[in-house]
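Let the sequences and hints guide you as you build the complete structure.
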Amino acid sequence: MTVKVRLPRILTQAVRDGLRHEVTGDDVGQVLHGLFEKEPGVRNHLIDEDGRIRTHVLVFVDGERAGLSTPVPDGVEVQVLQAVSGG
Amino acid sequence: MRIAVGTEKGGYLVTETGDSWSVAGPMFPGWKVTAFGRTAGGTHLAAVGSNWFGVGIHRSDNLTAWSPTDTPPSWSKESGRKMEEIWTFHTDGDRILAAVAQAGLFTSDDDGDTWSAVEGLNEHRTRDDWHPGFGGLCAHRILTGADRIWVGISAVGVFRSDDGGKTWSSKNDGVPPVGVPADVPRPEVGYCVHGLAHDPESPQRIWRQDHAGMFRSRDGGDTWERIESGLPSGFGFVIWRDDNSGRLFTIPLTSDENRVPVDGELRAYVSDDDGDSWLVSGSGWSEAPQYTGVLRGAFDGDNQGRFCFGTTGGKLWLTDDNGSAWQQLEASFPRIDAVRLLR
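Protein chains in written order, with the numbering used here: chain A, 14 to 100; chain B, 795 to 1137.
It is worth saying that the hints were derived from the structure and are not from the lab. Glycine included, each C-beta is placed from N, C-alpha and C at the ideal position. Mixed in with the good hints, there may be bad ones.
Stated by the list, open to error - Ranges between beta-carbon positions, derived for each pair:
#, chain 1, residue 1, chain 2, residue 2, range
1, B, Arg919, A, Met14, 48 to 54 Å
2, A, Leu81, B, Glu1051, 41 to 47 Å
3, B, Glu802, A, Arg78, 24 to 30 Å
Unchecked claim - Okay, the calculated bits of chain A under chain B, using three or more residues with CB under 8 Å as the criterion:
#, stretch
4, 23-35
5, 52-60
6, 64-73
As the list claims (entries may be wrong) - Residues from chain A that keep clear of chain B, each with C-beta distances beyond 12 Å, as calculated:
#, residue
7, Thr15
8, His46
9, Arg78
10, Thr83
If you want it as structure tokens, here you go:
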């Protein structure tokens, strides 16, 4: 599947080629893996030491909250957001 | 004079232009900028952090265009630790060292591109007894010299390696531990070092701002003696030594539970006798109450008579005459964590 990935603006300085990418993968984990091949500096900011999506990072697939194993239909948008954490 | 300022919300570049100052920024908007460093080749380093997105390291040749590194220091999954913050960089020849929270030491031999954990310290046999202080479980100060390395870890103490980082020993004799009754035998760890400075020409001479007061060692940290004559309080975070003059600087705060200047009188104090006595550094200090703090990474100097420090209230103070006359810039910043006086 080929999907679009959109990253939050705060990661502007962590990327080399912009906040929007097109990558392939069958689920969110594969899509993020494809993203990290293009933007290796982003991995540390989205994935924690345990290999999980960081606690305060949200991933949405076509508008629905998703995890690493969530399937990604062809052509959807995977959006990464900063959670509203704190006051 | 140019000063890189790291704050809770971005970094700023403050530049003296004639009789005035300009402020450029923010660099890294939205990120906490926790430390600045410089490689032997002159490349600038900036450590950033975010409660959401973890830590990062950026590099620049001109302080304007920054590039992220791909692999900042990180803990393994097996360690069970989290990389919470990069507290400081230290350049030792071609090697860069980084002290981090959760407490650990990492080194880079490729200008910060990749990092290796210093296992001898990070997996020290006392590690299970390392417990976080108010600022977390953080390694935050690094000294090198005479083939030795010293690292300060909050609420744990000072460790020294005499073999390039393979093995480490606790070096806190003479300093009271924190939170331990007087009649309990001295523990090996549990000492809350806040700041370290030494004489690079004679590295066995070390000064230490500790949670428990101001201390000095003449033997590389084997033993420590209290040196607080003239200080309004022994508590604080900053200890800085000007390597040209030997002059020491500190900024006393009232106490552990009241981390503001005594009576609101924000002052740098200096010692010209290796810490035997202290007095207020020069003039220019505000007569108005200044209930603010100064953190350990927020003081810097260039060994040419210029010094600056930033406050938790977001103000920047500086002097260009070895501490005789101080001025506070009008500009206000977010809480200042780190300053770097650019040489």
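We went through each hint and held it up to the structure:
1. Checked against the hint of 48 to 54 Å, the pair arginine 919 of chain B and methionine 14 of chain A passes, with Cβ atoms roughly 50 Å apart.
2. About 44 Å separates the C-beta atoms of leucine 81 of chain A and glutamate 1051 of chain B, a value consistent with the hinted range of 41 to 47 Å.
3. The given range of 24 to 30 Å is respected by glutamate 802 of chain B and arginine 78 of chain A, whose C-beta atoms sit roughly 29 Å from each other.
4. Judged by the Cβ-Cβ criterion of 8 Å, the stretch 23-35 of chain A is covered by chain B as claimed, because 6 of its residues qualify and three suffice.
5. Chain B is given as covering the stretch 52-60 of chain A, and this holds because 6 residues of the stretch bring a CB closer than 8 Å to a CB of that chain, at least three being needed.
6. Counting residues of the stretch 64-73 of chain A whose CB lies closer than 8 Å to any CB of chain B gives 4, so the stated coverage by that chain holds, three being the minimum.
7. A cut-off of 12 Å between C-beta atoms confirms that threonine 15 of chain A is not in contact with chain B; the least separation is 24 Å.
8. Consistency note on histidine 46 of chain A: stated as away from chain B, and its beta-carbon is indeed over 12 Å from all of that chain's, at 15 Å minimum.
9. Chain B leaves arginine 78 of chain A outside its interface by the beta-carbon criterion, the shortest separation being 16 Å against a cut-off of 12 Å.
10. Distance check on threonine 83 of chain A: its Cβ is at least 20 Å (rounded) from any Cβ of chain B, clearing the 12 Å threshold; non-interface status holds.
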